[in-house]
Amino acid sequence: MKGPLFYAKILLFGEYGIIKDSKGLAIPFNAYRGALKTSSNLTGKPKISNENLERFYQHLKSLKTNLVSFNLEGFKNDIDNGMYFDSSIPQGYGVGSSGALVASIYDKYALDKITVLENLTREKLLKLKEIFSLMESFFHGKSSGLDPLNSYLSLPILINSKDNVEPAGIPSQKEGKGAVFLLDSEQIGETEPMVNIFMNKMKNEGFRKMISEEFATTTDACIEDFLHGNVKSLFSNVKSLSKIVLKNFKPMIPTAFHKVWENGIITNEYYLKLCGSGGGGYILGFTEDYAKAQKSLKNYKLELVYRF
Numbered sequence: 001m002k003g004p005l006f007y008a009k010i011l012l013f014g015e016y017g018i019i020k021d022s023k024g025l026a027i028p029f030n031a032y033r034g035a036l037k038t039s040s041n042l043t044g045k046p047k048i049s050n051e052n053l054e055r056f057y058q059h060l061k062s063l064k065t066n067l068v069s070f071n072l073e074g075f076k077n078d079i080d081n082g083m084y085f086d087s088s089i090p091q092g093y094g095v096g097s098s099g100a101l102v103a104s105i106y107d108k109y110a111l112d113k114i115t116v117l118e119n120l121t122r123e124k125l126l127k128l129k130e131i132f133s134l135m136e137s138f139f140h141g142k143s144s145g146l147d148p149l150n151s152y153l154s155l156p157i158l159i160n161s162k163d164n165v166e167p168a169g170i171p172s173q174k175e176g177k178g179a180v181f182l183l184d185s186e187q188i189g190e191t192e193p194m195v196n197i198f199m200n201k202m203k204n205e206g207f208r209k210m211i212s213e214e215f216a217t218t219t220d221a222c223i224e225d226f227l228h229g230n231v232k233s234l235f236s237n238v239k240s241l242s243k244i245v246l247k248n249f250k251p252m253i254p255t256a257f258h259k260v261w262e263n264g265i266i267t268n269e270y271y272l273k274l275c276g277s278g279g280g281g282y283i284l285g286f287t288e289d290y291a292k293a294q295k296s297l298k299n300y301k302l303e304l305v306y307r308f
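Residue numbers 1 to 308, in my numbering, belong to the letters of the sequence shown in order.
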């Protein structure tokens, strides 16, 4: 048994902002993926994954909701027969490892599921997002449901607000010098502690004001520029965003990268932003000259995501 592939995701813009109802833009990232498989001899990672699926099964069994029902008997049976999630998506890296798992379980075991092939109205998308949010809360405590939605649909998704989500057309990649890339912090980030720090900061009026007046408006401007291919304006807004994040989200940036972050802003060779909740994992980079950024960041592992 080998299930269909589900891909990683990258939230290009909107980390933390989407918790507070500002815009976000997420794209699938097919360099990493996962699928359900079965083995009669489980050891190592597959065994750990199988045990996780058992716990996830208990979570789904305990869900009290009219939104979705699952073939729980089939799920339990497959777990007992050695099913696991075989994934190359790094965990704790902000690229949606639990999202791909949730999408694969929904795809295989949800009864009356909403399929990718039908006409995806706004209502259907919101229903999917809500279902995924309930499912993924097992991993993060609180989940927007966006990662699984992105993985399940394998489409770029524009988040306008909590109740307004739509598939987005993004400009096709060009063979230019500019790029979006991932920088590996080589540290694992945990979502929940980072979100807790953010929620505590939100109790401060000054921080709330910064989020709504600076962070959200700059994020929205970046999304508009990206979707419309306004590259010049995009880099100017990404630079502003990078400064805002460095100033106000220091705890979410691994200490070893504070200087690297600042250096990009000073030299204009690249601009960094959080990828997911931060605290480790990947950091997202934007550059008008990828070769120059590679040289400047030669001590770090970079991965190309998108070309301008």
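Everything labelled a hint here was simulated from the structure, so no lab data went into it. Watch out, some of these pointers could steer you wrong.
As the list claims (entries may be wrong) - Below, computed lysine-lysine pairings styled on DSS-like, alpha-carbon distance capped at 25 Å:
id, residue 1, residue 2
1, Lys203, Lys247
2, Lys292, Lys243
3, Lys247, Lys201
4, Lys259, Lys292
5, Lys250, Lys203
6, Lys76, Lys37
7, Lys201, Lys142
Every value quoted in this text rests on a predicted model; they were computed, and no experiment measured them.
Status of each hint after checking the structure:
{"no.": "1", "hint": "Lys203 <-> Lys247", "in the structure": "holds, 18 Å"}
{"no.": "2", "hint": "Lys292 <-> Lys243", "in the structure": "holds, 20 Å"}
{"no.": "3", "hint": "Lys247 <-> Lys201", "in the structure": "holds, 13 Å"}
{"no.": "4", "hint": "Lys259 <-> Lys292", "in the structure": "holds, 18 Å"}
{"no.": "5", "hint": "Lys250 <-> Lys203", "in the structure": "holds, 17 Å"}
{"no.": "6", "hint": "Lys76 <-> Lys37", "in the structure": "holds, 14 Å"}
{"no.": "7", "hint": "Lys201 <-> Lys142", "in the structure": "holds, 17 Å"}
In summary, the structure agrees with every hint in the numbered list given earlier.
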